[in-house]
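**Q** Read off the chains here:
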Amino acid sequence: MSTDSSIRSILALDIGATLTHAALLEPVEGAHRMVACVNTPTTLRPQTDLVASLHRSVERIQEIVGRRLFDEDGTPSKPRQGQKGIDALIVTLSAAAPLECALIGLTEDLSLKSARAACQSGHTIVRREIILAQERHARHRELAALRQDPSEVIIIAGGVDGGPVHQVIDAAELLATLFADLEPQLRPTVLFAGNQEARRPIAAALGPDFGFGVVDNVQPTPDLSSPQELQRELAHLYERRKFPELAGYDTLSEWTSIPLMASQTGLRAILQFLSRQGLYGSRVLGLDVGGRQTTAALANGRLVASQSIQVGMSQGLEDLLHAVDIEYIQRWLPTEDLTRRAAAQLGNQALRPQSLPTEPDDLVLIQAAMREAVRLTLTGLTLNLHEHPRETWAVDAIAARGGSLLHARPDAQATLALLDAVQPVGTTRLLLDWASVWPQLGALAQIEPLAALQVLDRDALLDLGTIVSLPGQGDTDQTAAHLSLLRNVGGVQVANIDWGHLLRLDLDHGETAILEINPVTGTWQGSKETRSVKVQGGRLGLILDARGRPLALPEDAEMRRGKMQTWTKELS
Amino acid sequence: MISPLAIILRERLLACPGEVLVQMGDHLTSDDVVARPAAGGSLVAMDLAREMDIDPLRVDRHLLVQAGDQVTPGALVAQRRHWGPFYRQVRAELLGDVVGIHDGSLFLRQVGEPGLLRAFVPGEVVKVHPGRGASIRTTGAYMRCIWGCGGEGWGRLSMMVDDPGAPLTWNQVGRRQRGQVLVGGHLENPRTLSRAELFGVRGIIAGSIDPGLMRQCKQLSIPVLVTEGMGDAPMANPIHEMLALHHKRWAVLSGNCSRGQAELIIPLPGKADNLDVTNPNSLKEGCLVRLTSPSLCGMVAAIESLPTERQPTGLGYLTHGAIVRLSDQSSLFVPLSNLELLR
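Listed in order, the protein sequences are those of chains Z and D.
If you're matching positions, the first sequence starts at 151 in our numbering and goes up one per residue.
If you're matching positions, the second sequence starts at 135 in our numbering and goes up one per residue.
Bear in mind the hints are in silico, worked out from the structure with no lab data behind them.
Some hints could be false.
Derived list of chain Z stretches under chain D, where covered just means 3 residues or more per stretch with a C-beta under 8 Å from a C-beta of chain D [unchecked claim]:
| hint | region |
| --- | --- |
| 1 | 318 to 328 |
| 2 | 483 to 495 |
| 3 | 505 to 516 |
| 4 | 716 to 722 |
Every beta carbon over 12 Å from chain Z, so not counted as near; a handful from chain D, in silico [said to hold, decoys possible]:
| hint | residue |
| --- | --- |
| 5 | Ser-137 |
| 6 | Val-233 |
| 7 | Ser-355 |
| 8 | Leu-417 |
| 9 | Ile-437 |
| 10 | Thr-447 |
| 11 | Glu-474 |
Label pairs and their calculated CB-CB ranges [claimed, not checked]:
| hint | chain 1 | residue 1 | chain 2 | residue 2 | range |
| --- | --- | --- | --- | --- | --- |
| 12 | D | Lys-352 | Z | Glu-179 | 56 to 66 Å |
| 13 | Z | Thr-401 | D | Glu-227 | 50 to 60 Å |
| 14 | D | Gly-450 | Z | Lys-719 | 13 to 23 Å |
| 15 | D | Arg-477 | Z | Glu-661 | 50 to 60 Å |
| 16 | D | Leu-155 | Z | Gln-335 | 21 to 31 Å |
| 17 | D | Gly-334 | Z | Pro-700 | 51 to 61 Å |
| 18 | D | Leu-440 | Z | Thr-716 | 58 to 68 Å |
| 19 | Z | Val-215 | D | Met-158 | 50 to 60 Å |
| 20 | D | Leu-155 | Z | Arg-540 | 43 to 53 Å |
| 21 | D | Pro-324 | Z | Asn-668 | 51 to 61 Å |
| 22 | D | Arg-325 | Z | Thr-529 | 48 to 58 Å |
| 23 | Z | Ala-473 | D | Pro-324 | 18 to 28 Å |
No residue lacks a Cβ here, since even glycine has one placed at the ideal position from N, Cα and C.
Could you build the full structure based on these sequences and the hints that come with them?
**A** Given below as C-alpha cells:
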C-alpha cells in the first residue's frame with residue numbers, strides 16, 4: 151500500500167489525566183508506520199497544562215528520532231522540510247474533568263433510566279437525579295438544591311411523545327425562578343430530551359438567559375429508548391465547555407490539524423473499525439482503564455453500548471476504593487504481605503497519580519485494582535444492554551488499553567488480569583493497545599484513514615493470543631480434557647488440562663491451528679463429544695482456561711493466594 | 135514541599151459575585167472578613183399550600199410578601215382566614231430574601247453568616263478584586279501537604295510527639311488542646327479524631343494516616359493535613375524539624391485538597407526572597423527528596439547523582455531518574471516521577 155497524501159509526517163498525541171502518549175507516524179517503504187512512541191507524565195501542577203505536556207513528549211520523541219519536530223520557540227514546524235518538522239498534529243484529550251450533570255426526569259424506570267444511559271459515555275458525571283413524579287414539597291426541595299449547588303448541565307427528560315407535559319414545564323418554570331438572581335453566564339446549560347410537545351413551552355419558561363438545547367426524546371415511546379442524540383450533544387458540550395478550561399487549549403487548537411477530540415470518541419471509532427473489519431471477529435469488547443475513569447464498550451458492527459465509570463488507576467483510585475470494599479481487591483493478591491499493604495499502597499498511588507510502578511509487586515497490586523474497576527464497569531455495561539448483571543462475556547475479541555497494562559513486562563500478568571476481570575467464554579482474541587495510540591488513530595482516520603489503518607494493522611495492535619475457555623466445571627486437579635493442537639505448519643501437539651488450571655500452548659504469532667478438545671471428566675455444556683476450534687497464535691501463543699465460569703475463588707485466604715500464585719506461574 | 139521562609143500570596147475570591155469589605159493596604163488577621171456574597175445563603179423551600187391547607191393554585195391570593203422582599207425570623211409571609219376569627223398563618227423561620235413563589239411554595243434565600251469569606255492568611259491586602267475578593271500577602275514558613283480535608287482553620291502549633299513516627303493518641307487530646315493545631319507522627323485511632331473535634335482542636339497535622347480513617351476525617355469540621363501519605367510512614371524529618379521549630383507559633387492550614395491546596399502557612403516576621411513557593415526548584419545533587427514509589431512511599435533520601443541516560447527499573451523499562459542514598463547508606467535508582475523535593 152502507498153499513500154499519495156501530502157500529509158506524511160504525523161505527530162499524534164493523547165493527553166490523559168496522568169500520562170501523555172505521543173507517537174510519530176511516518177511513511178516507511180510506502181506505508182505509514184509508527185516510528186517512535188513515548189509516554190510522559192502530563193503536566194498537572196499548578197494545573198493541567200496541555201502545551202507543557204505536549205512539549206515534554208515532543209522533547210522525548212525528538213531525542214529518539216534524532217531530528218527536530220518543533221521550532222526553537224516551541225511551535226510546531228509545519229510542514230516538514232527535509233529533516234525538520236511535521237505535516238500534521240493530531241491531539242485527543244481525556245485530561246479534562248467530566249461535565250457535572252443533574253438529571254430531571256418524570257419517572258425512574260423510563261425517562262431517567264434512558265437519560266442516565268446517555269450520561270455513561272465518559273464525558274459526564276451525574277451529580278444529582280430528581281424524579282418529578284414525587285410529592286410536591288420534596289420535589290421543590292430537590293429542585294431548590296439544584297440552585298444551591300449548581301451543576302454545569304441540567305438535563306430535563308420526561309414524557310413520551312404525545313403524553314402530558316405540565317410537570318416538565320412546571321420544573322422549567324421553577325428553574326427560571328430559582329436562577330433569576332444569577333448572571334446568565336454562571337447559569338447551567340439546560341438540555342431538554344423529553345416530550346417534543348414541551349419544547350416550546352420550556353424554552354419560553356426558561357427565557358433567553360439560559361443556555362438551552364433540545365435533542366431527541368430519550369424515551370419517545372414506553373418501549374423505545376433513544377439516548378444517542380443526547381449522548382452526542384453531551385460529547386459536543388464536553389468539548390466546548392471543558393476543553394477550553396485546560397491551560398494551553400487555545401494555543402493547541404491553533405496548532406492541530408483537526409479540532410481537538412475527546413479520547414473516548416477516537417477510541418470508539420477504532421472499536422467500530424475493528425468490529426466491522428472482522429479480522430478478530432465482529433463482537434468486540436473494548437476496555438479502557440484510564441487514570442481517572444474506566445470505560446467498557448461493546449461493538450458489533452456498530453457501537454452497541456458503552457459505559458464509563460469514574461474509577462481509575464491513579465486519580466480514580468480513591469473513587470474505586472469508595473465504590474468497592476478493599477477485600478474485593480485483596481482477593482486477587484498472591485501474598486499476605488501485599489494484602490496487608492494494599493489499602494495504604496493504593497491510597498498512596500491515588501495521592502501521587504504520576505508515581506510509576508517500579509517493582510513487580512506494585513504492578514500486581516494495581517492490576518488487582520484494575521480487575522475490580524473493569525468488573526464494576528462491565529456490570530454497568532450489562533445494565534445499559536438491558537441485561538441482568540452477569541460475570542462472563544461471550545465476545546470474539548477483547549481490545550484493551552490502559553497504563554496499568556503497559557508496564558506488565560511479562561504480558562502474562564496483563565492477560566491474567568483481563569481474564570479474571572472479563573471472564574470470557576468460548577474462544578476470544580486478546581488485543582492490547584501497547585503504544586497507547588488507538589484514540590489518536592481514531593481521530594487521524596477523519597483526515598487520513600489509510601494512514602490510520604496502516605499504523606493500526608502493523609504497529610498498534612499487540613495480539614496476545616487466543617483464549618479458549620472450557621465450557622464446563624469439574625473437580626479441581628481432575629483431568630478436564632485431552633487436547634490436540636493440529637498446527638497448519640505441520641505437527642501435532644498433545645496435552646492434558648486439569649480443572650481449575652490454566653495452560654499455555656506454544657503457537658507462533660499469527661500461526662493458525664485446529665485445537666481438538668476431548669472432554670474427560672466434569673460437567674460440560676452441550677455434548678461431551680470432541681469439539682474442534684480454529685485458533686491463532688499471539689504473543690503468548692494459545693491459552694486454555696479450565697477454571698470454570700463464573701470463576702470461583704476459594705473462600706480460604708491461604709488457598710486463594712496459592713491459586714493466584716499457581717495461575718500466574720501457569721501463564722508465565 | 136516545604137519552604138522555611140517565603141513570600142506567600144493568596145487570592146481570596148468568592149465563588150459568586152458579592153461585596154468586598156477590605157481595601158488595599160489593610161492588614162488582616164485570619165478571622166477578618168474579606169468579602170460577603172450577594173446571595174450566598176442556603177435556599178429554603180417553604181410549603182405554603184400545605185401550611186395553609188389550600189390548593190397550590192390559591193396560594194397567591196394569601197401572600198403577604200413578594201419576590202425581592204427581605205423577611206426577618208417570625209415575620210408573617212402568608213395567612214388565610216380559617217374559621218371565624220382564626221387564621222392559618224405561615225411565618226419565616228430565618229432572615230432571608232424572597233427569591234420567588236412557585237406552585238404553592240415560597241423560596242427563601244438565607245441572609246447572614248454562611249458564605250462569608252474570611253482572610254485565612256494573615257497579612258496585607260495587595261490587590262482588591264472588585265466584587266470578588268482580595269489578594270493577601272504574607273511572609274512565613276510554608277508546607278504543601280499530600281492530603282487534606284476539612285476546610286480551613288487556624289491556631290497555635292502544638293508538637294504532641296518528639297518522635298516523627300509516634301502516633302497521636304486519643305489520651306493526648308483533651309480540653310487543654312482547645313484552639314490548638316496538633317502535630318503527630320501518625321493517625322491510627324478514630325477516637326483521636328472524634329476527641330479533637332469534641333474538645334475544639336483547630337486542626338491536626340500528621341505524617342501518615344490509616345486509610346480506614348479517611349472517611350471519618352472527611353466528616354470532621356476541622357482540617358486534617360497529612361504530609362507523607364496513607365499507612366504508617368513517619369513524618370519526614372525535615373518537616374518534623376521545621377514544625378518543632380515553630381512550636382507555639384500561629385499557623386493557618388487548609389485541607390482543601392480538591393484544588394491542590396492542602397497547605398500549612400506559619401506567618402513569620404522578616405523578609406523572604408522566594409516569591410513562588412508553588413514551583414519547587416529542579417532536583418540537584420544533595421537535595422533531600424521523598425520517595426513516592428508505591429512500595430517505598432514515605433522514605434526520605436538524598437540525591438547522589440542524576441544520570442543523563444535512562445536507567446532500568448525493577449520492572450525492566452527504562453526511564454530518567456536519580457540515584458538516591460537512603461538512611462541506611464544504600465543507594466537506589468528511582469524514576470523522577472517517584473521523587474518529591476523536600477529541600
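**Q** All hints, please: hold or fail.
**A** Verification of the supplied hints:
1. Proximity of the region 318 to 328 of chain Z to chain D, defined as three or more residues with a beta carbon under 8 Å from a beta carbon of that chain, is established by the 5 residues found.
2. Figure legend: the region 483 to 495 of chain Z, annotated as covered by chain D; annotation consistent (4 residues with Cβ-Cβ distances under 8 Å, at least 3 required).
3. Chain D is given as covering the region 505 to 516 of chain Z, and this holds because 11 residues of the stretch bring a CB closer than 8 Å to a CB of that chain, at least three being needed.
4. Against chain D, the region 716 to 722 of chain Z contributes 0 residues with a C-beta closer than 8 Å to a partner C-beta. That does not satisfy the three-residue criterion, and the hint is violated.
5. The claim that Ser-137(D) is not at the interface with chain Z holds, since no C-beta of that chain comes within 12 Å of its own (minimum 15 Å).
6. Not every CB of chain Z is more than 12 Å from the CB of Val-233(D) (nearest about 6 Å), against its label as outside the interface.
7. Taking the minimum C-beta to C-beta distance to chain Z, about 19 Å, the non-interface status of Ser-355(D) holds against the 12 Å cut.
8. Consistency note on Leu-417(D): stated as away from chain Z, and its beta-carbon is indeed over 12 Å from all of that chain's, at 14 Å minimum.
9. For Ile-437(D), the non-interface assignment is confirmed: its Cβ lies about 17 Å from the closest Cβ of chain Z, beyond the 12 Å cut-off.
10. Distance check for Thr-447(D) against chain Z: the nearest CB is about 4 Å away, which does not clear 12 Å, and the non-interface claim fails.
11. With a cut of 12 Å on Cβ distances, Glu-474(D) falls inside the contact zone with chain Z, its closest approach being about 8 Å.
12. As the Cβ distance of Lys-352(D) to Glu-179(Z) is approximately 58 Å, the hint placing it in 56 to 66 Å holds.
13. Taking the beta carbon of each, Thr-401(Z) and Glu-227(D) are about 53 Å apart, inside 50 to 60 Å as hinted.
14. Between Gly-450(D) and Lys-719(Z) the beta carbon distance is about 19 Å. The supplied range of 13 to 23 Å therefore holds.
15. Take Arg-477(D) and Glu-661(Z): their Cβ atoms lie about 58 Å apart, and the range 50 to 60 Å holds.
16. About 25 Å separates the C-beta atoms of Leu-155(D) and Gln-335(Z), a value consistent with the hinted range of 21 to 31 Å.
17. Range check, Gly-334(D) to Pro-700(Z): Cβ separation about 53 Å, and the 51 to 61 Å hint holds.
18. Distance hint check: the CB atoms of Leu-440(D) and Thr-716(Z) are about 42 Å apart, inconsistent with the given range 58 to 68 Å.
19. Taken as a hint, the range 50 to 60 Å holds for the pair Val-215(Z) and Met-158(D), whose Cβ atoms sit roughly 54 Å apart.
20. About 60 Å separates the C-beta atoms of Leu-155(D) and Arg-540(Z), a value inconsistent with the hinted range of 43 to 53 Å.
21. Between Pro-324(D) and Asn-668(Z), the C-beta spacing of about 59 Å keeps the proposed range 51 to 61 Å intact.
22. For the pair Arg-325(D) and Thr-529(Z), the beta carbons lie near 37 Å from each other, so the given range of 48 to 58 Å is not met.
23. The given range of 18 to 28 Å is respected by Ala-473(Z) and Pro-324(D), whose C-beta atoms sit roughly 22 Å from each other.
In the structure shown, a violation is registered for the earlier hints numbered 4, 6, 10, 11, 18, 20 and 22, in ascending order.
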